[in-house]
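Colleague: All chains should be built: construct the whole structure from the sequences, respecting the hints.
Protein chains in written order, with the numbering used here: chain A, 1 to 151; chain B, 1 to 463.
It cannot be assumed that every hint is accurate.
Have a look at the derived ranges for each label pair, beta carbon to beta carbon [said to hold, decoys possible]:
| hint | chain 1 | residue 1 | chain 2 | residue 2 | range |
| --- | --- | --- | --- | --- | --- |
| 1 | A | Ser78 | B | Ala53 | 53 to 59 Å |
| 2 | A | Asp109 | B | Ala418 | 35 to 41 Å |
| 3 | B | Asp406 | A | Glu87 | 32 to 38 Å |
| 4 | A | Leu6 | B | Arg458 | 17 to 23 Å |
| 5 | A | Gly45 | B | Asp406 | 25 to 31 Å |
| 6 | B | Val452 | A | Gly9 | 18 to 24 Å |
| 7 | A | Thr93 | B | Arg376 | 28 to 34 Å |
| 8 | A | Gly9 | B | Phe82 | 42 to 48 Å |
| 9 | B | Asp56 | A | His89 | 33 to 39 Å |
| 10 | B | Leu172 | A | Gly22 | 45 to 51 Å |
The hints are simulated quantities; they were obtained by calculation from the structure and are not laboratory data.
Just so it is clear, the structure is predicted and the values come from calculations on it, not from any experiment.
Where is the CB? At the ideal position from N, CA and C, for every residue including glycine.
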Amino acid sequence: MRAIALAAGTAVALVGVYLALGGASYAPAAVADPCAARELRDPKGFEQVAEQIVLSALDGAACELGVSREEIVLAFSSRASLERFAEEHGDSTKELESLVRAGLGRALDDAEREELLDPRIVALLRGVVARVPIEQLLDLLERLPPLTGGR
Amino acid sequence: MPRPATPSDSRSTRSATEGSSEARTRIALLGLSVGLVLADSSVVTIALPEILARYDVEVATLAWALTSYNLALALAALPAAFLARRRPTGVFAVGVVLFAMASLVCGFASSFELLVAARAVQGAAGAAVVCGALGLLADVAGGDAPAARIWALAGVVGAALGPAAGGILTQLLGWESIFLVQAPVVLVALLTLRDVQVVPDTRPLERPHVAANAALLLISGALVAAFFLLVILLINGWRLEPLAAGLVVTVMPIAAIVAARQGHAITPLWARTASGAILIAGGLAALGWLPHAGAAWTVPPQLAIGAGLGLALSALTERALAGRSAQAVHGGWTIAARHAGVVVGLLLLTPIFTAGLERNEDDALAAGTSAVLDSRIPPLEKLTVARRVLVAVDEAKDEARIPAVDEVVGDRDDPAYAQLVSTLQDQLDRAVTNAFSRSFLAAACLALLALVPILLGRRDLTV
Chain A
1 MRAIALAAGT AVALVGVYLA LGGASYAPAA VADPCAAREL RDPKGFEQVA
51 EQIVLSALDG AACELGVSRE EIVLAFSSRA SLERFAEEHG DSTKELESLV
101 RAGLGRALDD AEREELLDPR IVALLRGVVA RVPIEQLLDL LERLPPLTGG
151 R
Chain B
1 MPRPATPSDS RSTRSATEGS SEARTRIALL GLSVGLVLAD SSVVTIALPE
51 ILARYDVEVA TLAWALTSYN LALALAALPA AFLARRRPTG VFAVGVVLFA
101 MASLVCGFAS SFELLVAARA VQGAAGAAVV CGALGLLADV AGGDAPAARI
151 WALAGVVGAA LGPAAGGILT QLLGWESIFL VQAPVVLVAL LTLRDVQVVP
201 DTRPLERPHV AANAALLLIS GALVAAFFLL VILLINGWRL EPLAAGLVVT
251 VMPIAAIVAA RQGHAITPLW ARTASGAILI AGGLAALGWL PHAGAAWTVP
301 PQLAIGAGLG LALSALTERA LAGRSAQAVH GGWTIAARHA GVVVGLLLLT
351 PIFTAGLERN EDDALAAGTS AVLDSRIPPL EKLTVARRVL VAVDEAKDEA
401 RIPAVDEVVG DRDDPAYAQL VSTLQDQLDR AVTNAFSRSF LAAACLALLA
451 LVPILLGRRD LTV
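Modeller: Below you can see the structure in the form of structure tokens.
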């Protein structure tokens, strides 16, 4: 009987220590709620302002769709993933694209109001956002670093 | 009440009085052959990624390299045991030769189908080896009881050493060497048959020990998580080299040997087996609730599991054999129960593990994307990095491994990149560790379930 008590004590102590050290919650971090306000950084330079605009747009679109902004980013990583995402959420890819474009438009409005960007650049970006297909827009952003002196 | 003298007792008296070094050599070789066959149950676990790369099969299909062996061993154990009861020498000799031949075919297999078929032949031949060896051990070790002790200990040590031996051989000589090395080693055991004349066991056959065999089945099912899933976590999840993983899991056989040797002081026997089952359950539950990724965190749970299996497995095997005729047949029952348990464990835990991987893949991708978006790297590079990581995760999925994020992102002399790499790696480690959690916890439940037959049959287990 003493052996059983010793074994049970050892097992409970081992599990207890692992749980106390966070064993039950050692999992990937949960993503933030896109509808909740995020802590804003102080953007410096065109790149960071553009990033702020894109992230705000993603949050807006994600909040409207009831998903996370990360799911939207992953959905737009390829045409196949976009179609899969649209199928899962009962929307067409066109509706999703227009939702993201609307979000980008609202984010550009905010940027203009906060005077983060020159109004002429905002007008130019509005034209780009309205006409360029989303994948090409993402490809364009990806090719920008060498053009803008980035690494 | 004293048991009437048996053929094996008379044989053993002769051998015991001899007490020669030749007898000890025979015992060692027979123990080695039993250990080798039972180690084969889990020996290729560490080699699975290499086997996957060699044959280009689906990950789900790959499990047949393990399942076919254990299934054949479970199904062939009883027929082999009945044959070994009458002709232990012949059954052992045929088993050894077939096992060696099948091992060579495994080592040179040109297709995965041939490998699986040869593994099944290995399993069936292995059943003949272990059942024949039990009869031969009774002749050389001094009776049924010492034979059962040696046989049980060899089985426990072999099963626990399997993953470690497989890892070391895979890293040093390639996975094929696992099979090519064991062929000559098992053939050496044929030397034990020189000048042996074993009297067939003609005692009436007694009923199998239901409680001990049921507990063996459940504990063996639970141990699948320790011998298979833990190894996969170390190599495929945490990217350890096979040699390192092999060394990490040697903790279990060491703890098992110490516990099996010291555990005899614990009486009654049901208390020893219950203590073992509780320790195994505790160790598996701790693996299910690991607080961090890293091999060091697996050591305390492995100590508990190793000690538990050293206490429970050998005691249950001895109890299933003790005082029951014919010993070879009851040995066959324990082998059938143990390896049926392994197959049940594989069939039960694999879907839980696969579902965990799928669930955590989505969570890890979302957490990784979040880390990239919130990082301090240049904004326009975030897309490039995010896409590279996605491609790497997709490629790694096909090869059943987790990508090394630092290799994907690249070595850049920038604290923002270093921070991002560290965050991404942490999220991947969390995801992969958490993916195994439910299967370890389910295995812990199987070990606890073994307490039911142990407690129900405690009158029978009171020795």
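Colleague: Sort out which numbered hints this structure fails and list those numbers smallest first.
Modeller: Violated: hints 1, 10.
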